[in-house]
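Below, each chain spelled out in residue letters.
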Amino acid sequence: MQIYLPIAEVSVNAYLLLGLGGLVGILSGMFGVGGGFLMTPLLFFIGIPPAVAVATQATQIVASSFSGVLAHFKRKTVDLQMGFVLLIGGMVGSAIGVQIFKALKEIGQVELLVTLCYVVFLGIIGGLMFLESLRAITRSRKPNARSAPRYQHNWVHGLPFKIKFRASGLYISAIPPLLIGAAVGILAAIMGVGGGFIMVPAMIYLLGMPTKVVIGTSLFQIIFVTGFTTLLHATTNFTVDLMLAVLLMIGGVIGAQIGTRIGYRMKAEQLRILLAAMVVVVSGKLGVDLLQEPLELYSLSSGGP
Amino acid sequence: MIRLFLTFIVTLAPIFATADEQVVAGLSQNRVAITSNFDGTGILIFGAVKRVSPPPDDWPLQVIITVSGPRTPVVVRRKEKWLGIWVNTDSVNVDLAPSFYAVATTAPLNQVLSEVENLRHKISVDHLIRSVGVVESVPDAGKFSEAIVRIRQQNGLYTESAGIVDLTDETLFRTQISLPANLVEGNYLTRIFLTRDRRIVDAFTTNIFVRKVGLERWIFNLAHQQPLIYGILSLAIAILAGWAASAIFRLLRLN
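Quick note, the sequences are listed as chains A and B, same order.
Going by the working numbering, the first residue of the first sequence is number 1, and it counts up by one from there.
Going by the working numbering, the first residue of the second sequence is number 1, and it counts up by one from there.
This is chain A alone, in the form it adopts within the complex (with noise of 0.2 Å):
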């Protein structure tokens, strides 16, 4: 069934987005990311224009968000006191992003932009987390080694404006929480993705928060920074497409279900390692296409009013 977006201008098969919001959904069901940076290149390749498809991303990213934190409110895994201190950030890095976009889109190159975010930041993430649970499996096979501390203090205890993080057991400066939700607001309006790849990783290793209450704080940010991200695009940009919305909208949120039940039946090194394989073929895909000739040199963009 052909389905016409009226913001996007073009006529999609609605199973096509049915099922790649499902997919997407698995897949974010059993790794616990967004799937954002999955889902705007494939939006990119069924011919959906860039702009279109970054901020309706940011959309779609709000439903699955929400319905995941509504379950770590439940478990009570929520540091609402860092969320809001990230969100601070989120909100300042989101407005700079929208700005950045725009001007990108008037001068032509927001989509070498958005391709060099994914294959830079995917490429490192990709590459750090494969290396990382390779070496988890290899030290669950040798029993008696032991892990790693988690907690470790660096620099980043010795910032001023010292805020205690009741839930995260953590007494720490505010200054990098705000400096990495602002980054990842950045990305998140640039990128079309919640930035939960990034949030993450920066939560646990950055800020030493215990890896229980990491998941359900990134995702309550990035409710705010996704549906922020979403207004500024629709009031800047005119490129939120709600009929896209919402039929990924429906696609993701059946394939989370799955997808978390698939999750729980496998390893977390194996998950991981999944993950990681899956970010570096997808950042390997669009670096290669950076470095080959095009077949097509020209493009055609609408011009201004």
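Worth flagging that the hints you see were computed from the coordinates, not collected in a lab.
The beta-carbon is built from N, C-alpha and C at its ideal position, and this holds for glycine as well.
It is possible that part of the hints are untrue.
Below, in silico cross-link-like pairs of lysine-lysine (DSS-like), each with a Cα-Cα straight-line distance of 25 Å or less [unchecked claim]:
(1) A:Lys162 / A:Lys267
(2) B:Lys81 / A:Lys105
(3) A:Lys76 / A:Lys212
(4) B:Lys143 / A:Lys105
(5) A:Lys285 / B:Lys81
(6) A:Lys285 / B:Lys79
(7) A:Lys74 / A:Lys164
(8) B:Lys79 / A:Lys102
(9) B:Lys143 / B:Lys79
(10) A:Lys267 / A:Lys76
(11) A:Lys105 / B:Lys79
(12) B:Lys143 / B:Lys122
(13) B:Lys143 / B:Lys81
Footprint (simulated), chain A over chain B, 3 or more residues, beta carbon under 8 Å [to be verified]:
(14) 82-95
(15) 146-155
Stretches of chain B that chain A covers, calculated by requiring three or more beta carbons in the stretch to come under 8 Å of a beta carbon on chain A [claimed, not checked]:
(16) 33-42
(17) 210-220
(18) 223-229
(19) 233-240
We have chain A already, so just place chain B on it with the hints.
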């Protein structure tokens, strides 16, 4: 718009005033509604030739039909290798290029139309894009307008089909123009030309009105006229979907 066309036809009329043959035409539909399940549509264009005297038997009558989508400005960008990667470098603003263009003829275009007439009425696909005024930015601006035609031809937006207009007894003609699924809103100018000896003897213009309707119209208007409310609505739907998913999930786990 209609008044504009009337004046257009009136100004056009004196050129063909001496013609013995006049074209009378109709469309199967002059309104196309883009609904949610819009998947392209075909428009039947038909008509007849009105004469006061019997047809001259020196040159056969030919029919050319063009349908042209709304003209919008287009930015064409070209990629070049820069520090090992391919990036957009030069760009050209083409002031007006139709979003859709179809030419249907009774025979190959060069057999039914002279180059002079083609240039004057801008009929064939390669005369579509005006590249006047773009020369100052890059030396090879012509390649950029060629790129528009090439890319849109590949996407099926610009087509030239010879021999798809059926002409019966030099009097009745008909053809089917298919409008693709990726249609842009606007007025689609439809022109019908009669030619003999590769010269135009009469012309007729009309419009096909393409509009988004229903939900499509409502979403598009809201997004552009009330962007803040639209943004909040999108968020509300997202939150609702997220909540519903979690509620259904909980129900399923209970059972």
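Hints, verified against the model:
| no. | hint | result |
| --- | --- | --- |
| 1 | A:Lys162 / A:Lys267 | violated (37 Å) |
| 2 | B:Lys81 / A:Lys105 | holds (20 Å) |
| 3 | A:Lys76 / A:Lys212 | holds (10 Å) |
| 4 | B:Lys143 / A:Lys105 | holds (23 Å) |
| 5 | A:Lys285 / B:Lys81 | holds (18 Å) |
| 6 | A:Lys285 / B:Lys79 | holds (19 Å) |
| 7 | A:Lys74 / A:Lys164 | holds (23 Å) |
| 8 | B:Lys79 / A:Lys102 | holds (20 Å) |
| 9 | B:Lys143 / B:Lys79 | holds (13 Å) |
| 10 | A:Lys267 / A:Lys76 | holds (24 Å) |
| 11 | A:Lys105 / B:Lys79 | holds (15 Å) |
| 12 | B:Lys143 / B:Lys122 | holds (19 Å) |
| 13 | B:Lys143 / B:Lys81 | holds (18 Å) |
| 14 | 82-95 | holds (count 9) |
| 15 | 146-155 | holds (count 5) |
| 16 | 33-42 | holds (count 7) |
| 17 | 210-220 | holds (count 6) |
| 18 | 223-229 | holds (count 4) |
| 19 | 233-240 | holds (count 6) |
Violation of the numbered hints given earlier is confined to hint 1; every other hint is satisfied by the structure.
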